[in-house]
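2 protein chains.
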Amino acid sequence: MLAEIITIGDEILIGQIVDTNSAWIARELNKIGVRVKQISSVSDDREHILTALAEAHNRAQIILITGGLGPTKDDITKKTLAEYFNAGFVESKETLENVERIFKKYNRPLLEVNRLQAQVPENCEVIINNNGTAPGMWFNHEGRVYVSMPGVPHEMMYMMEETVLPKLKTTFKLPVIIHKTILTVGEGESFLAERIADIEDSLPAHIKLAYLPKLGQVRLRLSGYGEDETILNQEITQFAQLIKERVANVVAAEDDLPLEKILLDKMEARGLTLSVAESCTGGYISHLFTQHPGSSAVFFGGTVCYSYELKESVLGVKNETLWQHGAVSEETVREMVEGAILNFKSDYAIAVTGVAGPGGGSAEKPVGTVWIAVASVNKTVAKKFTFGNKRAQNIERSAISALGMLNTLLAEVEN
Amino acid sequence: MLAEIITIGDEILIGQIVDTNSAWIARELNKIGVRVKQISSVSDDREHILTALAEAHNRAQIILITGGLGPTKDDITKKTLAEYFNAGFVESKETLENVERIFKKYNRPLLEVNRLQAQVPENCEVIINNNGTAPGMWFNHEGRVYVSMPGVPHEMMYMMEETVLPKLKTTFKLPVIIHKTILTVGEGESFLAERIADIEDSLPAHIKLAYLPKLGQVRLRLSGYGEDETILNQEITQFAQLIKERVANVVAAEDDLPLEKILLDKMEARGLTLSVAESCTGGYISHLFTQHPGSSAVFFGGTVCYSYELKESVLGVKNETLWQHGAVSEETVREMVEGAILNFKSDYAIAVTGVAGPGGGSAEKPVGTVWIAVASVNKTVAKKFTFGNKRAQNIERSAISALGMLNTLLAEVEN
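First to last, the sequence lines map onto chains A and B. At position 237 of the first sequence (counting the first as 1) the number is 236 in numbering that gives the first Met the number 0, and the numbers step up by one without a gap. At position 325 of the second sequence (counting the first as 1) the number is 324 in numbering that gives the first Met the number 0, and the numbers step up by one without a gap.
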C-alpha cells in the first residue's frame with residue numbers, strides 16, 4: 000500500500016519553516032504497513048495543487064495533504080480540493096459548533112472568516128479538529144483516499160492519531176513492513192560496509208539494508224516487506240543478529256533510539272544519576288536528555304555556565320585555573336566535570352567547554368576547539384576535539400561526542 | 000527563475016530523518032532571486048528517480064538534488080543520473096586526490112568502494128567536496144542546470160556556498176524577490192487578518208501576504224516579485240509600514256528573526272544581562288539563546304534544575320516552599336527567578352517549572368500545568384499556563400511563552 004504526502008504552503012518553499020510534519024506522518028504510516036512513495040511540497044497556487052493531486056493519484060492510493068486550511072486569503076487548499084473533486088460546498092454543523100466552542104473558550108468574538116471554516120466540500124467526511132478551527136476532511140475518490148489536514152503540527156497529529164490512522168486500518172488490507180535499526184558509534188560508513196559486505200550480499204530481495212550516517216554515528220537499517228509478520232520478523236532478526244555479531248565492538252544499541260535515550264535507559268536500569276556542566280553547548284545536551292519522558296529518574300540537571308563567574312560560583316572552578324589556562328582547556332573542563340559531580344551529587348557527569356564560533360577563536364584555540372570531559376565518582380576522562388567553523392554543527396558534534404564518551408565510560412565500568 | 004529540489008533517500012520517506020536541507024537550500028536560493036517551485040522527496044529507486052527528474056525538468060530550470068551519493072550499495076543517484084543523461088563514466092582525477100587526502104588525514108586505508116567515488120558521469124563538472132568523499136556534480140542539459148550534492152548537511156552547505164550559488168548567479172539573469180516579515184506576539188491569525196483586511200485587499204498582484212502562525216506568534220510575510228530591486232523595496236516597505244502601524248500593539252519585531260534573537264539584540268543594545276532557571280524546559284530556553292552567535296554578551300547561563308536538590312542548592316529555593324507548595328507553584332517559580340537574579344547576578348531572569356508530561360500529573364496539577372516567571376532586579380511577574388498533554392509541545396510552548404513575557408517586561412521598562 001503506497002501513500003503520498005503533499006504539503007501545501009509557500010512558507011516551506013521559501014525555507015521559512017522546516018517541514019517536520021512529513022517525517023512524523025511517514026513514521027506513523029510505516030508502523031501500520033503503509034509505505035510513503037513520495038513527499039511533495041507545493042505552493043499555495045491553484046494549478047500547482049491540482050497538478051500535484053493528479054500526479055499523486057497516479058503514484059499512490061493514500062494521499063495525505065497538510066497545510067493551506069487557515070482562515071486567511073492565502074490559504075486555498077479547501078477551494079482547490081472542491082474544484083479537483085468537482086464538488087460544491089455545504090455547511091458542516093459539527094465544524095461550526097467546534098469553531099463556536101473554541102471562540103467561546105477563549106472569549107473572543109466569532110468573525111465571518113471563522114464561520115466560513117465550517118463550509119466544506121459536499122463529498123467529504125469531516126474530521127473534527129479538537130485543537131483548532133480548521134476541520135480535517137476525508138475524501139473517497141476513484142479508489143483512493145485523500146485526507147486534508149491543517150499544517151499546524153499538533154492539530155494534524157491529533158487528527159492522525161484519533162481518526163486517520165484507525166480509519167486507514169479498517170479501510171485497507173495492509174501489508175507488513177518491519178524495520179530494524181542498529182546504532183553504531185565510532186566507525187565510518189565505508190568501513191562498516193566492508194566488514195559486512197558478505198551479509199549484505201546474502202540479503203533476499205524483500206529485505207534492504209541502508210546506512211544512515213550522522214556525525215560520528217552510523218545507523219544500519221534493515222527493512223523487510225512481506226505478508227506474514229512472524230516469518231518476516233524472524234528473517235530480519237536473524238540478519239540483524241549476524242550484523243551485530245560482526246561489528247559488535249561499535250554497536251551502541253539495537254533499538255532505533257537516539258543515543259541520549261539509550262544512555263538514560265542504561266543508567267536507569269543500573270540506578271545511576273547524571274548531571275551536566277555545559278559551556279559552549281549552552282543547554283543543548285540538557286535539552287537532548289530532558290526531551291525524553293521519565294528522564295528525571297536519571298537526569299538531575301546542572302548548569303549552563305556561559306560566563307566565567309558561573310563556572311566559579313556554581314561549579315567551583317578555580318579562578319586561577321580560568322585565568323592561567325583559559326575557559327577552553329583540559330584543566331578547566333576537568334574542574335567543571337568534577338565540580339558537577341561534587342556540587343550536584345550525581346554518579347556521573349558531563350562537561351563541555353569550547354569555542355563554538357563564529358567569534359572567540361584565537362591562533363592557539365581556533366573556532367571549533369572543544370574540550371569534553373566525562374566522569375564517574377572514581378574516574379575522569381577528558382578529550383580535545385577540533386571541529387569546524389559552523390556554530391550549530393559545533394554544538395551538535397560536541398553534544399554527540401560527549402554522549403559517545405559517556406557511553407564508553409559506562410561500558411568500561413560495566414565490563 | 001524556478002528551481003526544484005529533489006531529495007533522494009528512503010530515510011526521509013520512512014521518517015527516520017527530517018529533511019532540513021531543503022529549507023536551507025530554499026532560503027539561500029530565495030536570497031539570489033530563485034523561487035523554489037516544488038520540493039520532492041523520492042526513494043532510492045531507479046525508476047522513481049528518473050520520473051522525478053523528468054517531472055522537475057518540466058517545472059523548473061534549476062534542479063538541485065541531494066542524497067544517495069554514499070559509497071554503499073543503497074546509494075544509486077550517480078548511476079541513475081548517468082542513465083538519465085545517457086552518459087558514460089570517467090575517473091575524476093581531482094576527486095580521487097580528494098578522497099586520498101581525506102583517508103590520509105584520518106590515517107585509514109583506502110577501500111575499493113571509496114576509489115569508485117571518483118567515477119563520475121562524463122558530462123558533469125565535478126564540485127569538490129571539502130568535507131567528505133562524495134563529489135558534487137554540475138550538469139548542463141537541455142537548457143536546465145542539474146546539480147547533485149551529498150545529503151550530509153555540512154557537505155552540501157559548503158558546496159552550495161562555495162560553488163553552486165556563485166555559479167548560478169553567473170549562469171542566469173536572475174529576477175528580484177524580496178520578503179519582509181513582521182513578527183507579532185499575542186494575537187490570533189483571524190484577528191490580525193480582520194484588522195488589516197483593507198490593506199491586504201489593496202496589495203498589487205506581484206505582492207503577496209502570508210500568515211505564518213506558530214504557538215502564540217504570527218509572522219506576517221510580504222513577498223514581492225519584480226525586476227527592479229529599488230522600486231520593489233519601496234513598495235514592500237510602504238505596505239509593511241501600513242501593517243506595522245495598524246497592529247503596532249502586537250508587533251515584536253520587524254525582522255525575520257526568532258524571538259529569542261530579537262530579545263538578545265534588544266538587551267545587548269541596552270547593556271542588559273540575562274540568566275535562566277529551567278525546570279520543565281530542561282535546557283531548551285538556554286539552547287534557544289546560545290544557538291545565536293554573540294549571545295554571551297547578554298546570556299550568562301543559569302541552571303537546569305530538574306531535581307528538588309538543585310532548586311535548593313543552586314537557586315536557594317527554600318525547602319519548605321518546595322514541600323508546602325510543590326515544585327510547580329507560584330511560590331517556587333518566584334523563588335527560582337529571584338534566586339537566579341541573586342545568584343547569577345544578571346539584570347533579568349527567566350524561570351520555568353511545570354509538568355511537561357506524560358507522567359507526573361495530578362488532579363490539582365495536570366500534565367501541561369506550567370508556572371513561568373520573569374524578573375528584573377525590581378520586579379517579578381509570574382503567570383500560570385495550562386498547555387496540553389504532549390511533552391515536546393509543552394516544552395516549546397513554555398519556552399515561547401517565557402520569551403513573550405520577557406519581551407513584555409522589557410517593553411514596560413523601556414516605556
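These are calculated hints, taken from the structure and not from any lab test. Careful, some of the hints might be misleading.
As the list makes no split between identical chains, a pair holds if one copy fits it or if it spans any two.
Unchecked claim - Straight line, CA to CA, 25 Å or less: simulated BS3-like cross-link-like pairs of lysine-lysine:
| # | residue 1 | residue 2 |
| --- | --- | --- |
| 1 | K72 | K243 |
| 2 | K166 | K378 |
| 3 | K260 | K172 |
| 4 | K172 | K317 |
| 5 | K260 | K103 |
| 6 | K92 | K30 |
| 7 | K344 | K317 |
| 8 | K78 | K92 |
| 9 | K364 | K92 |
| 10 | K103 | K213 |
| 11 | K92 | K389 |
| 12 | K213 | K265 |
| 13 | K317 | K265 |
| 14 | K72 | K166 |
| 15 | K382 | K104 |
Hints and how they fare:
Only between protomers do K72 and K243 lie at most 25 Å apart by alpha-carbon distance; the minimum there is 19 Å, versus 55 Å within a single protomer. Within a single copy, K166 and K378 get their C-alpha atoms no closer than 55 Å, and across copies no closer than 53 Å, so neither meets the 25 Å cut-off. Taking the shortest Cα distances, K260 and K172 never come within 25 Å of each other, neither inside one copy (34 Å) nor across copies (50 Å). For the identical chains of this complex, K172 and K317 are neighbours neither inside a copy (67 Å) nor across copies (60 Å), given an alpha-carbon limit of 25 Å.
When the C-alpha separation of K260 and K103 is checked against a cutoff of 25 Å, the pair qualifies neither within a copy, at 41 Å, nor between copies, at 34 Å. When the C-alpha separation of K92 and K30 is checked against a cutoff of 25 Å, the pair qualifies neither within a copy, at 34 Å, nor between copies, at 45 Å. Within a single copy, K344 and K317 get their C-alpha atoms as close as 19 Å, and across copies as close as 19 Å, so both meet the 25 Å cut-off. Within a single copy, K78 and K92 get their C-alpha atoms as close as 19 Å, which meets the 25 Å cut-off; across copies the closest is 55 Å, which misses it.
In the homo-oligomer, the alpha carbons of K364 and K92 never lie at most 25 Å apart, since the shortest distance is 66 Å inside one protomer and 34 Å across protomers. Taking the shortest Cα distances, K103 and K213 sit within 25 Å of each other only across copies (21 Å), while inside one copy they are farther apart (47 Å). Taking the shortest Cα distances, K92 and K389 never come within 25 Å of each other, neither inside one copy (53 Å) nor across copies (29 Å). Proximity of K213 and K265 under a CA criterion of 25 Å is satisfied intra-copy only: 22 Å inside one chain copy versus 36 Å between copies.
Taking the shortest Cα distances, K317 and K265 never come within 25 Å of each other, neither inside one copy (33 Å) nor across copies (33 Å). Within a single copy, K72 and K166 get their C-alpha atoms no closer than 31 Å, and across copies no closer than 37 Å, so neither meets the 25 Å cut-off. Proximity of K382 and K104 under a CA criterion of 25 Å is satisfied inter-copy only: 19 Å between copies versus 55 Å inside one chain copy.
In this structure, the earlier hints numbered 2, 3, 4, 5, 6, 9, 11, 13, 14 are contradicted, and the remaining ones agree with it.
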